[in-house]
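Visitor: Sequence:
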Amino acid sequence: MNLMQCFQRLRLSVFAAVVLLVFTLGCSTAPKVLDRSFSGPQLVMNPPVIPLGVAKLMETNIVFEGSGFKPGDTVFVSLIGQKEVNTSLVLTKVQANGTFRAEVGQSSQAKLAKITGILRANVVTNEAFDSVVVLTRPTIPAGAYTARATSLFSSLTVETPVTVAAPTFFNRIMDGIADMLGKIEDKR
565 MNLMQCFQRL RLSVFAAVVL LVFTLGCSTA PKVLDRSFSG PQLVMNPPVI
615 PLGVAKLMET NIVFEGSGFK PGDTVFVSLI GQKEVNTSLV LTKVQANGTF
665 RAEVGQSSQA KLAKITGILR ANVVTNEAFD SVVVLTRPTI PAGAYTARAT
715 SLFSSLTVET PVTVAAPTFF NRIMDGIADM LGKIEDKR
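Numbering (the working numbering), first residue to last: 565 to 752.
A couple of the hints might just be wrong.
What the hints assert, rightly or not - Calculated cross-link-like contacts (lysine-lysine; reagent style DSS-like; alpha-carbon spacing at most 25 Å): (1) 647 to 620; (2) 647 to 675; (3) 620 to 596; (4) 747 to 634; (5) 657 to 747; (6) 751 to 675; (7) 647 to 751; (8) 620 to 747; (9) 675 to 620; (10) 634 to 675; (11) 657 to 751; (12) 620 to 634; (13) 647 to 634.
Note that these hints are calculated values from the structure, not bench results.
I would like the entire structure built from these sequences, with the hints used as guidance.
Guide: Below, the structure written as structure tokens:
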């Protein structure tokens, strides 16, 4: 292979990487926001899609924002849907202005909610005291769901649609690598 062919391959590779990057960034949706002109209860979730790839889900920060609740109230958000799925994800306090923001992110509590509620898995500790996600049964099915915010002190509830997406090819590759590294153990 001569120098000119190497240069052409390099240019083609760089071009393909740029196209892939633009395609990936261009396909993301704008985050949902609360409608401040509406005084009733509202709930939005970002991102609007929950991935079922283990590694992808664990790195995803799911944020719920709501308004129209009584200040000082406590709200819990659950995922409701197919095949009797009803799992609590997060509990949060309503601020003085009637809004709340709850993140199911990287805290131990949030990770446990994702592992046990969405993945239907367990967590064990290995010899190095690292957490390992152990899959022993199927995750919740992919499809259309509802996120529901429910007041603990009144009958007020509000819902928003949620999509739970099956693992993509890249999610499966990431999970396979995590399995080889001992971060995931699939016993299904």
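Visitor: Any hints from earlier that this structure breaks? Give me their numbers in increasing order, please.
Guide: 4, 5, 10, 11, 12 and 13
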